[in-house]
Amino acid sequence: MKHITRRRCLQIIAANVVGGLHLAANPSQALGNEKGLQKVTWQGVVLGANAHITLFTQNGEQAKPLISSMLKEVQRLEGLFSLYQDQSTLSALNRTGELAHPPTEFHELVNTALSTAEQTQGAFDPTIQPLFLAYKTLAKSRVPGPWHEHKTVRDAKQLINWQNVKCTKSAISFAKPGMGLTLNGIAQGYITDKATHILKQAGFAHCLINFGEYHSLGPKPDQTDWNIQLGTSKDRPIWQLQNEALAASSRHGLIFDEHQNLHHLLTPQTGSTQPAWQEIYVKAHTATLADAASTALFAAPPSQARTIAQRLKVTKALLIKRNGTKLELDGPEQSS
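So the sequence shown is numbered by numbering that gives the first Met the number 0: it starts at 0 and just counts up by one.
Just so you know, these hints were derived from the structure itself, not from any lab. If a hint is listed, it holds; no wrong ones were tucked in.
Keeping only pairs whose Cα atoms sit at most 20 Å apart, straight-line, the calculated SDA-like set for lysine to any residue is:
hint, residue 1, residue 2
1, K320, P301
2, K165, S90
3, K38, N58
4, K312, D329
5, K165, E117
6, K156, Q268
Let the hints inform the model, and build the full structure from the sequences given.
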């Protein structure tokens, strides 16, 4: 069980991908037709959050170097998307407003973020970073509210518009000086998917990765689903995953000011936060999609939630309001 305490930020340092591998002393039992598989687990820190990998394999010792190699690739990808590393690709873009010949993965993720912004009509907007920084500065300086009338906030809101980002394979650039991108609402899912793909290519068929977002590779060895229980409520559901991903967003991730109901999941169109939601969970075919969808849904009012979920083609979503009421949404494939 995982209790959500904050929205994961890409606070990457060189030692972030740390942890230990554990090989079960004896082959796992009750594994259906795949007797003799060994359970290998890894625990550490990835993307500023506790991380965990569980996989089953015929040879646990051979799995260890493969997992270590995968974690090195995760660390490389962190170096592209971090807002907190001065030398990251994202930091370089935000400093200068343009980036020539972006790395393939960086172009791919920025392009995906912009496409998500278009699909959600701006509920998900990666150009919200200047507003986040404005609120962060006001909070740190303990400036009295209401902040939405502060010049710093008004100026930052003028810079929010995903359509002012030009993204091609040859260059990425901003139309206005002072703009900035954040990929915190999608990069964790993207990196989770990349790690899952690496393990799949290495031949693993039963694996669960948790890098803040979950992605399952195949069923458990006994052919049953991976069961995941998230959240803080007593009646929180159990999510069943098999070649699927799960992401969550909570207003408790980072609260700028409780009295103004301002937290890190900002609504791009208004510059404030959507007051309706407490926690949101999304199941989808990829962790990238689940991550982005949970971010978009948190920024949207209840009246737009169903439309966004269906446009993004999520498998299932659970939205919990601050008053405790729940809204369950199925994707197009499951809806009647």
